[in-house]
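Please work from the sequences and hints to get the whole structure.
2 protein chains.
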Amino acid sequence: MGGDFGPRVTIPSCLQALSRHPNLMIRVFGHQDEIYPHTRKISRDSAARFEIVHTDHVIAMDAKPSMALRHGKGSSMHMALKQVSDGLANACVSAGNTGALMVLGRSVLKMLPGIDRPAIISAVPTHSGHSYMLDLGANVDCGAENLLQFAIMGSTMAQAVDQIEQPRVGLLNVGQEEIKGNEQVKLASRLIEEHGRLNYIGYIEGDDIFSGRCDVVVCDGFVGNVCLKACEGTAQLFIDKLKSSMISSSIKGWIARKLFSGLFNELKTLNPDQYNGASLLGLRGIVIKSHGSADVEAVTNAIGEALHEVKRQVPSRISDRLEAVLLERHY
Amino acid sequence: MGGDFGPRVTIPSCLQALSRHPNLMIRVFGHQDEIYPHTRKISRDSAARFEIVHTDHVIAMDAKPSMALRHGKGSSMHMALKQVSDGLANACVSAGNTGALMVLGRSVLKMLPGIDRPAIISAVPTHSGHSYMLDLGANVDCGAENLLQFAIMGSTMAQAVDQIEQPRVGLLNVGQEEIKGNEQVKLASRLIEEHGRLNYIGYIEGDDIFSGRCDVVVCDGFVGNVCLKACEGTAQLFIDKLKSSMISSSIKGWIARKLFSGLFNELKTLNPDQYNGASLLGLRGIVIKSHGSADVEAVTNAIGEALHEVKRQVPSRISDRLEAVLLERHY
Numbered sequence: 000m001g002g003d004f005g006p007r008v009t010i011p012s013c014l015q016a017l018s019r020h021p022n023l024m025i026r027v028f029g030h031q032d033e034i035y036p037h038t039r040k041i042s043r044d045s046a047a048r049f050e051i052v053h054t055d056h057v058i059a060m061d062a063k064p065s066m067a068l069r070h071g072k073g074s075s076m077h078m079a080l081k082q083v084s085d086g087l088a089n090a091c092v093s094a095g096n097t098g099a100l101m102v103l104g105r106s107v108l109k110m111l112p113g114i115d116r117p118a119i120i121s122a123v124p125t126h127s128g129h130s131y132m133l134d135l136g137a138n139v140d141c142g143a144e145n146l147l148q149f150a151i152m153g154s155t156m157a158q159a160v161d162q163i164e165q166p167r168v169g170l171l172n173v174g175q176e177e178i179k180g181n182e183q184v185k186l187a188s189r190l191i192e193e194h195g196r197l198n199y200i201g202y203i204e205g206d207d208i209f210s211g212r213c214d215v216v217v218c219d220g221f222v223g224n225v226c227l228k229a230c231e232g233t234a235q236l237f238i239d240k241l242k243s244s245m246i247s248s249s250i251k252g253w254i255a256r257k258l259f260s261g262l263f264n265e266l267k268t269l270n271p272d273q274y275n276g277a278s279l280l281g282l283r284g285i286v287i288k289s290h291g292s293a294d295v296e297a298v299t300n301a302i303g304e305a306l307h308e309v310k311r312q313v314p315s316r317i318s319d320r321l322e323a324v325l326l327e328r329h330y
Numbered sequence: 000m001g002g003d004f005g006p007r008v009t010i011p012s013c014l015q016a017l018s019r020h021p022n023l024m025i026r027v028f029g030h031q032d033e034i035y036p037h038t039r040k041i042s043r044d045s046a047a048r049f050e051i052v053h054t055d056h057v058i059a060m061d062a063k064p065s066m067a068l069r070h071g072k073g074s075s076m077h078m079a080l081k082q083v084s085d086g087l088a089n090a091c092v093s094a095g096n097t098g099a100l101m102v103l104g105r106s107v108l109k110m111l112p113g114i115d116r117p118a119i120i121s122a123v124p125t126h127s128g129h130s131y132m133l134d135l136g137a138n139v140d141c142g143a144e145n146l147l148q149f150a151i152m153g154s155t156m157a158q159a160v161d162q163i164e165q166p167r168v169g170l171l172n173v174g175q176e177e178i179k180g181n182e183q184v185k186l187a188s189r190l191i192e193e194h195g196r197l198n199y200i201g202y203i204e205g206d207d208i209f210s211g212r213c214d215v216v217v218c219d220g221f222v223g224n225v226c227l228k229a230c231e232g233t234a235q236l237f238i239d240k241l242k243s244s245m246i247s248s249s250i251k252g253w254i255a256r257k258l259f260s261g262l263f264n265e266l267k268t269l270n271p272d273q274y275n276g277a278s279l280l281g282l283r284g285i286v287i288k289s290h291g292s293a294d295v296e297a298v299t300n301a302i303g304e305a306l307h308e309v310k311r312q313v314p315s316r317i318s319d320r321l322e323a324v325l326l327e328r329h330y
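Sequences listed follow chains A and B, in order.
Residues in the first sequence are numbered consecutively from 0, following numbering that gives the first Met the number 0.
Residues in the second sequence are numbered consecutively from 0, following numbering that gives the first Met the number 0.
No wet-lab data here; the hints were simulated from the structure.
Treat the hints with care, as some may be off.
No distinction is drawn between identical chains; accordingly, a pair holds when it is met within one copy or between any pair of copies.
Derived DSSO-like pairs: lysine-lysine, alpha-carbon spacing no greater than 27 Å straight-line [claimed, not checked]:
hint: 1; residue 1: K109; residue 2: K179
hint: 2; residue 1: K185; residue 2: K63
hint: 3; residue 1: K185; residue 2: K109
hint: 4; residue 1: K81; residue 2: K310
hint: 5; residue 1: K179; residue 2: K63
hint: 6; residue 1: K185; residue 2: K310
hint: 7; residue 1: K179; residue 2: K72
So, in structure tokens, the structure goes:
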């Protein structure tokens, strides 16, 4: 039911994902009257792997997390999360209210041992492929200990999903020198270094997010969220400028369209916005958050990301790694 | 002497600025043996408006601000700043160590009354022109009161330089809803609102920096610095991708070069990196900081920016406005 467009986008995405992934099964939770009209084109084969569970109760996109926690029971989001905690689903995908998904995810699924707060992680494009960045907005105030936990989770994510043996972990800061940064970042740097089991490359600056210098970018949720959205804004500025030169009716516009539509599409994928499907890391289960503004293709990608994480057994790998690492630290 | 390239870039920039601006006079401070070789091509007319003051002492690019403060006396940076406080120059431009420039600027020029800390402000490109963003890295830890002061300074800058009567001021946050953000941002929002004399439009998100929704973007120096560099990284990613398609030897690359070099140059200007010449706001005098990596054209722009601020009497306008506003607040 979530996102800017609701079932109008999420249901066609489900249908598309079902036909792309023959082993996928989807159970959707929401208001049947809003869902049905978008299921008409479902194939016989997909229909056998698709189920609608009706619920009247939906958490509003602008609901406060605290309200969602108090009154969320029986909502489509709560029921979808409950599927994962009950072992009836391998992952939960939502385009709904992020704050609500966080608090309900935490309450329904519980945290992994040793992790205080979940973090939002996503792949971002780089010159050479992609890197992971966290936290992207789950925590607006983070202590150094949280940043260390993010580093451990991000590193394990890169190991599990991309099979990088020793992911390079960088800590986002205003400069690369030892003396730079605020107190919490300096302390976090010391903690990550002392931890000793991460391939920590030290401080990185904003432009390193995209340079490919590291595989995991660690920052607090305020910085991560503002930063990623600013990058999306920059990308949009470029794309709009290019687009306007391509839709011009002149001969130049015509040639541009003929020759460079491929390049243009490639450039569009450099918009971090297109990397849809952020994971809520730190929970005992896979929860994927899709952008509210995501279109059919983007939500399909988010479902694909969930499938990928299920196949690569991300949560159990993270939990194994975390348990080992954190037990070692604390005892 | 500053920047990644020293006099090899800064001196040709001076020569270029002198020939562009017939009323400009430049006095450079640094090691004469390093400066002279780059002055050979100076015109007779420019030579009459150009002066070299020799100094052996230069503050290293990686010197700690505290060291610069203790041992900076007699350095090229210190002497250049002193020109402004002594009334011998209207502005100081430096491509040197930012931290050192901050602390020396503060110690030599002193702060405007009512301002606790200087902030780094720069214009950033938007869909419709540009906006101002501050702080870009002078203060990694800011309280709400600092953010209010940044809002006042930024607003006055937009009034003075761009002659916008009521500049729209936005506060960078992770969401636009009242409930979003960390404590310091929430408190700053209340202070700016209560202040009552700013055209405050409330919270803005990262992508609004470039949307043109506001004229002044207020944030703390950690977020501002990381964010701007990340945007430069995104822009670079796009430019590199475009460039690689244009330098290909294929016929497609040839057509691209012929048809789109104009567009390409236009896109390059969308890189925030090109908006060279950030101002240190809050000091009793004009101090412009050029990027360390700036090329000849970019440093020339920074000198041009200084000239522009002198002509528009930025510091005295800001100080007038600030004095009025702050007196009103405090008494």
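Hints and how they fare:
1. Only between protomers do K109 and K179 lie at most 27 Å apart by alpha-carbon distance; the minimum there is 24 Å, versus 36 Å within a single protomer.
2. When the C-alpha separation of K185 and K63 is checked against a cutoff of 27 Å, the pair qualifies only between copies, where the shortest distance is 16 Å, while the shortest distance within a copy is 33 Å.
3. Taking the closest pair of Cα atoms, K185 and K109 never come within 27 Å of each other, the shortest separation being 30 Å inside a single copy and 29 Å across copies.
4. In this assembly of identical chains, K81 and K310 lie within 27 Å of each other by CA distance solely inside one copy; the values are 20 Å within and 65 Å between copies.
5. In this assembly of identical chains, the alpha carbons of K179 and K63 lie at most 27 Å apart only when taken from different copies (10 Å versus 36 Å within one copy).
6. Taking the shortest Cα distances, K185 and K310 never come within 27 Å of each other, neither inside one copy (37 Å) nor across copies (42 Å).
7. Taking the shortest Cα distances, K179 and K72 sit within 27 Å of each other only across copies (23 Å), while inside one copy they are farther apart (46 Å).
Of the hints listed earlier, those the structure fails to meet are numbers 3, 6, in rising order.
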